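S.K.: Produce the entire structure from the sequences given, and follow the hints as far as they go.
Going down the list, the sequences are from chains U and A. If you read the first sequence in the working numbering, its first letter stands for residue 1, the second for the next number, and so on. If you read the second sequence in the working numbering, its first letter stands for residue 1, the second for the next number, and so on.
No wet-lab data here; the hints were simulated from the structure. Mixed in with the good hints there might be a few duds.
[What the hints assert, rightly or not] No farther apart than 25 Å at their CA atoms in a straight line, the calculated lysine to any residue pairs in the SDA-like style are these:
| id | chain 1 | residue 1 | chain 2 | residue 2 |
| --- | --- | --- | --- | --- |
| 1 | A | 188 | A | 133 |
| 2 | A | 73 | U | 224 |
| 3 | A | 73 | U | 124 |
| 4 | U | 323 | A | 122 |
| 5 | A | 110 | U | 198 |
| 6 | A | 176 | A | 195 |
| 7 | A | 110 | U | 192 |
| 8 | A | 110 | U | 224 |
| 9 | A | 73 | U | 208 |
| 10 | A | 191 | A | 179 |
| 11 | U | 323 | A | 128 |
| 12 | U | 323 | A | 121 |
| 13 | A | 110 | U | 221 |
| 14 | U | 323 | A | 124 |
| 15 | A | 73 | U | 221 |
| 16 | A | 191 | A | 147 |
| 17 | U | 323 | A | 196 |
| 18 | U | 323 | A | 125 |
| 19 | A | 73 | U | 225 |
| 20 | A | 73 | U | 209 |
| 21 | A | 73 | U | 197 |
| 22 | A | 73 | U | 247 |
| 23 | U | 323 | A | 90 |
| 24 | U | 323 | A | 126 |
| 25 | A | 110 | U | 194 |
| 26 | A | 110 | U | 125 |
| 27 | U | 323 | A | 106 |
| 28 | A | 110 | U | 225 |
| 29 | A | 110 | A | 173 |
| 30 | A | 73 | U | 323 |
| 31 | A | 73 | U | 115 |
[Unchecked claim] If you want the footprint, here are the derived chain A segments under chain U, 3+ residues with CB under 8 Å:
| id | region |
| --- | --- |
| 32 | 178-189 |
| 33 | 193-207 |
Computed from a prediction, not measured in an experiment: that's the story for all the values here. Glycine residues also receive a C-beta, built at the ideal position from the N, C-alpha and C atoms.
Okay, here's what each chain looks like letter by letter:
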Amino acid sequence: MRLSEPLVNTIVLAGLLAVPLYALVVDEPFTITLATRAAILALAAVGLNILLGIGGLVSFGHAVFFGIGGYAMGILAFHAQTYTTLDLAVFTTEGTKSMPVIWLVAMGLSAAIAFLIGLLSLRTSGVYFIMITLAFGQMFFYFAISWAQYGGEDGLSIYVRNGFPGLNTLVPIQFFGICFTILCITLFLKARLQASSFGLALNAARQTPARVETVGLNPTRLKLLAFVISGAITGLAGALFADLNRFVSPTMFSWQLSGELIVLIIIGGVGRLMGPVIGACIFVALEHFLGGLTEFWHVYLGIILLCIVLFGRGGVIGLLTGKVGAHV
Amino acid sequence: MSLLSVEGLTARYGSSQALFGVDLTIATGEVTALMGRNGMGKTTTVKAICRLIRSAGRLTLDGADLHCLPSHKVARMGVGLVPEGRRCFADLTVRENLIAAARPGEWTLKSVAQLFPALAERMAQRAASLSGGEQQMLAIGRALMTNPRLLILDEATEGLAPIVRQEIWAAVRRLKEETGVAILLIDKSVKELAQVSDKAVILARGKTVWSGPMTDLTPEISERYVGV
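M.R.: Printed below as a string of structure tokens:
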């Protein structure tokens, strides 16, 4: 039976919302935390999917922005909880425990770093682009390891989750509500972006860069803007992820995390609106259920990935809808 | 004053020189046929005008030097190209192909659909699933959506069924009669070119060997340089 993609999308989002609500009823707060983790990973992957799915750019260093978001949260919250000042070159601040402020900083920093990385890495393409983004990821990873002021290899713990006006973020379902709402808003904006002239031009640039130039579009500029938007979204996800765990560490910059983001997009469906959400849900479910049985649960993830790549190139959404690509 | 002015244009592919001195001018609203046998440099000239390959010589659009501009800026200045082989964005629908290229101006989805009614019926269809003729119409529509001052059609009717060719030529005539866009045409059909063009420029071995009003193009000149 083939399902329509809007129906699949609705079921996926409804499912992600229903699980924590059910967990709330049966008093299973850990399940709510799992759903929150899935929503945040999905958000990060939605960011990457703009680059990968629309722009066709395989960034193997997207954990950079996840980590920047995480460290933006960690550093601001650390200074706020220790009542110390954060000395920046032009001004000093005492940090903050306000989530909206942290999100803005995380997104702004991630976007700025994405702009710089994009300027350099988009001079290349194909395997060289993959390698240069990976190299940037490793640079940030090793920098974080050696950054003793903020925990170095041990990372940085935040004692109390940051606050959001009108909500108690320590209550799991309320924090899930924040993450789920942000995910829904981002999905809505991503859908609008994909259908906009910018999104279409980016898609066209993926198909035939030279031809795009003859209609007056600069493919490098299109990809750079996509890179910046993508980085900002992934940075926001990083800040939420750090808040979920109340902990940041260099692993947020790791190439394994970049790879996992790509894997869960492929599992869900590259370029599909809900591909990252399905992928993140499957990833978190496997991590939890199989991870409890064996530490080698990645083997099963690998088998699923192999099956998807070999037999279902549109990902899970492709299998459910019978469409390999968004337009087919 | 000419809209496009090309003087002594030279270009090379690596070590192989392809253009040895192309001269042509196109005025606003004028239709110019760029003619010549195969391999004489017609498409290379178009690529040089659009800055898709490096070239030397004088190349100006409305007095502005095109040599210092990248190809996307040349397109933004008003040079619309319908490339040989169509090259639509295969994964996008007809509507999306047109929207992706759209720039402000008189050409809109509606006016393109009026020019090519066949496209109007297939707005939601993927470009890859269109027939060759429909893809060609889409390629022309996409170039028009950039609202060009100069439209270049490189072998726009190549490989199409006679009835589709007629539709394309009818659209070119409408563009000539109803808009002020200058058109540079490359096509193998000398008869059709003669009917629609105001003047002709003939290339041989990468340089201009004849140019003048289409009415001055005698069968002898055509036979000598174009082979028809």
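S.K.: The structure should be examined with respect to each hint, and the outcome stated for every one.
M.R.: Going through the hints against the structure:
no.	hint	in the structure
1	A:188 x A:133	16 Å, holds
2	A:73 x U:224	17 Å, holds
3	A:73 x U:124	21 Å, holds
4	U:323 x A:122	20 Å, holds
5	A:110 x U:198	20 Å, holds
6	A:176 x A:195	12 Å, holds
7	A:110 x U:192	22 Å, holds
8	A:110 x U:224	32 Å, violated
9	A:73 x U:208	17 Å, holds
10	A:191 x A:179	23 Å, holds
11	U:323 x A:128	15 Å, holds
12	U:323 x A:121	23 Å, holds
13	A:110 x U:221	29 Å, violated
14	U:323 x A:124	16 Å, holds
15	A:73 x U:221	12 Å, holds
16	A:191 x A:147	28 Å, violated
17	U:323 x A:196	45 Å, violated
18	U:323 x A:125	15 Å, holds
19	A:73 x U:225	18 Å, holds
20	A:73 x U:209	14 Å, holds
21	A:73 x U:197	18 Å, holds
22	A:73 x U:247	48 Å, violated
23	U:323 x A:90	16 Å, holds
24	U:323 x A:126	13 Å, holds
25	A:110 x U:194	22 Å, holds
26	A:110 x U:125	37 Å, violated
27	U:323 x A:106	37 Å, violated
28	A:110 x U:225	30 Å, violated
29	A:110 x A:173	19 Å, holds
30	A:73 x U:323	37 Å, violated
31	A:73 x U:115	22 Å, holds
32	178-189	violated (count 0)
33	193-207	violated (count 0)
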